[in-house]
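*Asks:* Given the coordinates of chain A, work out where chain B should sit on it, guided by the hints.
Same order as they appear, the protein sequences are chains A and B.
Each residue of the first sequence is one higher than the one before, starting from 216 at the first, in our numbering.
Each residue of the second sequence is one higher than the one before, starting from 216 at the first, in our numbering.
Some hints here could point you the wrong way.
It does not matter which identical chain is used: a pair holds within one copy or between any two.
Said to hold, decoys possible - Calculated lysine to any residue pairs in the SDA-like style (CA-CA distance at most 25 Å, straight line):
(1) K221 - M465
(2) K520 - R504
(3) K520 - R271
(4) K591 - I344
(5) K520 - H530
(6) K306 - I344
Bear in mind the hints are in silico, worked out from the structure with no lab data behind them.
So you can see what is in the structure, the chains are spelled out below.
Number of protein chains: 2
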Amino acid sequence: MSDRVKYVLEESRLPRTWYNIQADLPQPLPPVLHPGTKKPIGPDDLAPLFPEALIRQEVSLEREIEIPDPVRDIYRQWRPSPLFRARRLEKALQTPARIYYKWEGVSPAGSHKPNTAVPQAYYNREAGIRRIATETGAGQWGSSLAFAGALFGIDVTVYMVRVSYNQKPYRRALMETWGARCVASPSNETESGRAILAQRPDHPGSLGIAISEAVEVAAKSGDTKYALGSVLNHVLMHQTVAGIEAMEQMALAEDYPDVIVGCTGGGSNFAGIAFPFLGAQLRGGRKVRIVAVEPAACPSLTRGKYAYDFGDTSHLTPLIKMHTLGSTFTPPGFHAGGLRYHGMGPLVSHVQELGLIESKAYPQTACFSAGVQFAKTESLLPAPEANHAVRGAIDEALRCREEGVSRAILFNLCGHGHFDMQAYMDYLSGKLVDQDYNPQELAMALSGLPSVG
Amino acid sequence: MSDRVKYVLEESRLPRTWYNIQADLPQPLPPVLHPGTKKPIGPDDLAPLFPEALIRQEVSLEREIEIPDPVRDIYRQWRPSPLFRARRLEKALQTPARIYYKWEGVSPAGSHKPNTAVPQAYYNREAGIRRIATETGAGQWGSSLAFAGALFGIDVTVYMVRVSYNQKPYRRALMETWGARCVASPSNETESGRAILAQRPDHPGSLGIAISEAVEVAAKSGDTKYALGSVLNHVLMHQTVAGIEAMEQMALAEDYPDVIVGCTGGGSNFAGIAFPFLGAQLRGGRKVRIVAVEPAACPSLTRGKYAYDFGDTSHLTPLIKMHTLGSTFTPPGFHAGGLRYHGMGPLVSHVQELGLIESKAYPQTACFSAGVQFAKTESLLPAPEANHAVRGAIDEALRCREEGVSRAILFNLCGHGHFDMQAYMDYLSGKLVDQDYNPQELAMALSGLPSVG
Numbered sequence: 216m217s218d219r220v221k222y223v224l225e226e227s228r229l230p231r232t233w234y235n236i237q238a239d240l241p242q243p244l245p246p247v248l249h250p251g252t253k254k255p256i257g258p259d260d261l262a263p264l265f266p267e268a269l270i271r272q273e274v275s276l277e278r279e280i281e282i283p284d285p286v287r288d289i290y291r292q293w294r295p296s297p298l299f300r301a302r303r304l305e306k307a308l309q310t311p312a313r314i315y316y317k318w319e320g321v322s323p324a325g326s327h328k329p330n331t332a333v334p335q336a337y338y339n340r341e342a343g344i345r346r347i348a349t350e351t352g353a354g355q356w357g358s359s360l361a362f363a364g365a366l367f368g369i370d371v372t373v374y375m376v377r378v379s380y381n382q383k384p385y386r387r388a389l390m391e392t393w394g395a396r397c398v399a400s401p402s403n404e405t406e407s408g409r410a411i412l413a414q415r416p417d418h419p420g421s422l423g424i425a426i427s428e429a430v431e432v433a434a435k436s437g438d439t440k441y442a443l444g445s446v447l448n449h450v451l452m453h454q455t456v457a458g459i460e461a462m463e464q465m466a467l468a469e470d471y472p473d474v475i476v477g478c479t480g481g482g483s484n485f486a487g488i489a490f491p492f493l494g495a496q497l498r499g500g501r502k503v504r505i506v507a508v509e510p511a512a513c514p515s516l517t518r519g520k521y522a523y524d525f526g527d528t529s530h531l532t533p534l535i536k537m538h539t540l541g542s543t544f545t546p547p548g549f550h551a552g553g554l555r556y557h558g559m560g561p562l563v564s565h566v567q568e569l570g571l572i573e574s575k576a577y578p579q580t581a582c583f584s585a586g587v588q589f590a591k592t593e594s595l596l597p598a599p600e601a602n603h604a605v606r607g608a609i610d611e612a613l614r615c616r617e618e619g620v621s622r623a624i625l626f627n628l629c630g631h632g633h634f635d636m637q638a639y640m641d642y643l644s645g646k647l648v649d650q651d652y653n654p655q656e657l658a659m660a661l662s663g664l665p666s667v668g
Numbered sequence: 216m217s218d219r220v221k222y223v224l225e226e227s228r229l230p231r232t233w234y235n236i237q238a239d240l241p242q243p244l245p246p247v248l249h250p251g252t253k254k255p256i257g258p259d260d261l262a263p264l265f266p267e268a269l270i271r272q273e274v275s276l277e278r279e280i281e282i283p284d285p286v287r288d289i290y291r292q293w294r295p296s297p298l299f300r301a302r303r304l305e306k307a308l309q310t311p312a313r314i315y316y317k318w319e320g321v322s323p324a325g326s327h328k329p330n331t332a333v334p335q336a337y338y339n340r341e342a343g344i345r346r347i348a349t350e351t352g353a354g355q356w357g358s359s360l361a362f363a364g365a366l367f368g369i370d371v372t373v374y375m376v377r378v379s380y381n382q383k384p385y386r387r388a389l390m391e392t393w394g395a396r397c398v399a400s401p402s403n404e405t406e407s408g409r410a411i412l413a414q415r416p417d418h419p420g421s422l423g424i425a426i427s428e429a430v431e432v433a434a435k436s437g438d439t440k441y442a443l444g445s446v447l448n449h450v451l452m453h454q455t456v457a458g459i460e461a462m463e464q465m466a467l468a469e470d471y472p473d474v475i476v477g478c479t480g481g482g483s484n485f486a487g488i489a490f491p492f493l494g495a496q497l498r499g500g501r502k503v504r505i506v507a508v509e510p511a512a513c514p515s516l517t518r519g520k521y522a523y524d525f526g527d528t529s530h531l532t533p534l535i536k537m538h539t540l541g542s543t544f545t546p547p548g549f550h551a552g553g554l555r556y557h558g559m560g561p562l563v564s565h566v567q568e569l570g571l572i573e574s575k576a577y578p579q580t581a582c583f584s585a586g587v588q589f590a591k592t593e594s595l596l597p598a599p600e601a602n603h604a605v606r607g608a609i610d611e612a613l614r615c616r617e618e619g620v621s622r623a624i625l626f627n628l629c630g631h632g633h634f635d636m637q638a639y640m641d642y643l644s645g646k647l648v649d650q651d652y653n654p655q656e657l658a659m660a661l662s663g664l665p666s667v668g
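Extracted from the complex, chain A is given alone in its bound form (with noise of 0.2 Å):
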C-alpha cells in the first residue's frame, strides 16, 4: 500500500459508460404501476415527462451505457474526482481503519447532482426540448440543473421547498446567477400548489409537494419537461461514473474497500459509490459490506414500508415500490433538506429487501459532531447530507479500534457545506437539536398508502 493521500486519475480514464445494476439484479425489480390501472407503465406513460432516451435507460436492462461524449466534455472539468485517504482523521481517532473518501464537492455546483443534472439536460436538449420543471430541497439538485441548463441552452424553473428558499436565500442566489428561475413551493403556478395553499396559507413546503408542481406543469405543457434529482433509476445510474472511479482509485491505492458508507434521501450518491462495487460482487466478486446512513427524523429504509406508493404528495405520479414513510409524511424541518423525502430509490429499496445491503439511522447532532470533527482533520467542510455518511464511517472505524481490527472502509463525501453554514452556527452554538418525526403522523401516512392487487 502507497503512502499518498490522494488518488487522482487522467482525464483519459474517465469512464466511458455508466453501470446498470438492473443488469446484474439476482431478481429483477418489481414493475412501477399506472395508479389508475394497478398495471405495470409503458414508455408512453412517461413520455409527457421524459425524452425518450431517458425512458429507455429506466427500464434497460444492459449493464453498460455509454456515457455520450458531450456529456463527458463537460464531466471532464472536474472528472475523475479525486479520492482521498482520510490519514489525518484515521490519526485523531486512533484507529487501525484504513478510510477513503470520494469528493464530490469539486464540481461547480458543489456536489454529486451534476453528474445526472448533465446528461439529463443534454438527453432533453437532443428531444429539441427547451423548458424543464424540477424542484429542489436543500438547493444542491436545482443548482445543479441551473448550471447543467446553461450549458445546454434550457430554461430551468425549480420549485424550491419554502422552508428552504425562506432560509437558504444564497442557494437560491447561485441558481438565478446561471439563469434558472427559483419559485417557493407550494406555490400558487400550479392547482397541487394552489390546493395546499387553500388548506394552509403557510404551508413550509416539502419535496413531495415540490415534485407534484413540477410534475404538473411538464404534464400540462405541450413544451416542457420534468427532471428528477434521485430515486429513479437512470438517476441512480448516472451517478454510477463516482464509483467506477473510485475502483480504479482504489486499485491504485493497492486496496479495496471492506464496507462503503453512503448517506441516502433518494439513494442517489448512495447508489453511485455503492452499485459497482455491489455489481462486481454480484458477478462473483468480492463481498463487501454496504451501509446507508439515514436521518432518524425521515427514516425510510429503518422504519419505513416497503410497498408501492406515489413518489408525490399530489398523487399525480406513478406507484413506485419502496422503502416510504407514505406520501403524506412530512419530516420534520431538520438541516440536511437534500434527505428529507418520503420515499427511497426502488434500487435501493430492492437492494436492501434482497439483503444485499444495511441502514442505519443517525440524528442530525450526532452527524454535525462527525462533520466538525472531520473538518478540523481533513480540512474539507461536508454539507449537513454528507455528515450522515461521515458519522457512519467514523463509527465503522472506531469499531475497527475497539476490535484491533484494520479495515478499508470507503465513503461518499458527496457535496460540501458552503450554502449550510447557518446549520454550523446553530450546531456550534449549542441551538442545534434532534428532532424526531411524529409516530402518530408516520402510522398515519403508512396507513393511507395505496392498495395494490
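*Replies:* Just chain B, lined up with the frame of chain A:
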C-alpha cells in the same frame, strides 16, 4: 495544441521549491525602514512578530527555497491545482484568443490563501509558537489560517473588519468550525482598537486597523506571533507554487501565455501566478505582458504614490516602499473585501516601477458582469476579487477579437464566491452600484505620508 479543457499534474509534479523573484530583479528591492530611525531594519526588529525562518525568507536572495515536506503533505490534498482552457467562454466571446485559468478555489478554504497559511503555520509551530494573531477582510485569509492552525495545533485569533464580520456571518462560522476565534475589528481588545472606537464607536473597520490590532497583540505578548495574508515578500513567494505549476501545465497544453492577468489587493495571488513567468523573462526567456487588475475604488497601483508608508493605520509596522493611497485612506465598502487595502506588496510595486508589469482599474459592476458571464459559461462561480481578473481577461480576449489576433491569455481564478452570494444577489437585482473613493480623502491621506530622508 491539444483539445483538452483541463490540465492536471500528477501529485509527483507538486513543486519542491518556491520561486523567489528577488534573485532575478534587475534592481534590488528598496529596504524596509525603521519608522523612528529611518534606517533599514534588521531581523531583530521583526523577531517579535515572525519566526526566524519567515524573516530569513523575507530578505532571501536565493532563487529557490525548499518547500518543507510537512507543508507539501498538506498541499497535496488539493495541489497541483487544475489549469483550465476556457473553451466555452471563448466560444461565447467569439474570440480567437486562447483563454486559460488556474483554479485555486479547490483548496479547503476555497482560495489561494492556504498556499501561504500552511507554511506560515508550519514555521510557527516549528519555532514552538502555539498562538497566532491575524487580520482578515472578506475572510478568505482568516479562514485559511484557521484551517492551517487546526492542522498544526495553533490557536488562531482573527481580527475581522467589522463591516465584513457583520455582513458575512457564514465566513465567520467557517473560521469557528475550524476552531479559530474571530473578533470584530476595531475591538476593545487592543489599544489600537480602543483608540479608534473612542473617536467613532460605530467605526466599520478597515484592513489597516485590523492589522494594527493583530500586530499589537503579537508585539505585546510573549507567546503570540503575527501572520499576514499578503503584501510581504515571503507571502508572495509562497504563492508562486501556483505559477510554477501553471508553467508546467501550459507546457502540457503546448502553449505559452502572451498575457497574464491577476487581481491585486496586496498582490499575493497576482505575484503567485505571474512571478515565475516574469522570472523566466528576466533570465532571458520569452517576454510576457503582465496586467494587474485592481478595483477603481481602491486604486493603489493606478492612482497611488510609490513611497514609503506604514502597513497599518495605527503606525505599528515598519515603513515599506510601495504604491500606497496613504495609511489613513479608507476605501468605500465595495464587495471585493480582499482588495480593500491602502497599499500594494513592495515586490509588485517595484516591478511596476521597473516597467515590467501594467495595471488597470475597474469598477465593481463591470467585474460582476464579467463574473456572471464566466459562471454561465465556465460554470464556476468566482469570488468578487477574482471577478476583477475575469474582467481583465475577457477584455484582453475581446481585444483579440477586434484585432483578429489569437493570443494566449492566462489568469488566476483565485477563489470561489460561495460566501459572497449577497453581492451576486445585489448585482442581479440591480442594487449593486459603483462607489468611487473620495478624492479629497485620498489627497489628504497622500499628503500625510511619512517623510523619509
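*Asks:* Decide, hint by hint, whether the structure agrees.
*Replies:* Verification of the supplied hints:
Proximity of K221 to M465 under the C-alpha cut-off of 25 Å is found in both arrangements, the shortest distances being 11 Å within a copy and 23 Å between copies. Taking identical chains as interchangeable, the C-alpha atoms of K520 and R504 lie at most 25 Å apart only when both belong to the same chain, with a minimum of 23 Å there against 66 Å between chains. Taking CA atoms no more than 25 Å apart as the test, K520 paired with R271 passes in neither setting, with 28 Å inside one copy and 67 Å between copies. Taking CA atoms no more than 25 Å apart as the test, K591 paired with I344 passes between copies only; the shortest distance there is 19 Å, against 45 Å inside one copy.
With identical chains, the CA atoms of K520 and H530 are at most 25 Å apart within one copy only, with a shortest distance of 18 Å there and 69 Å across copies. Taking the closest pair of Cα atoms, K306 and I344 come within 25 Å of each other only across two copies (22 Å); inside a single copy the shortest separation is 51 Å, beyond that limit.
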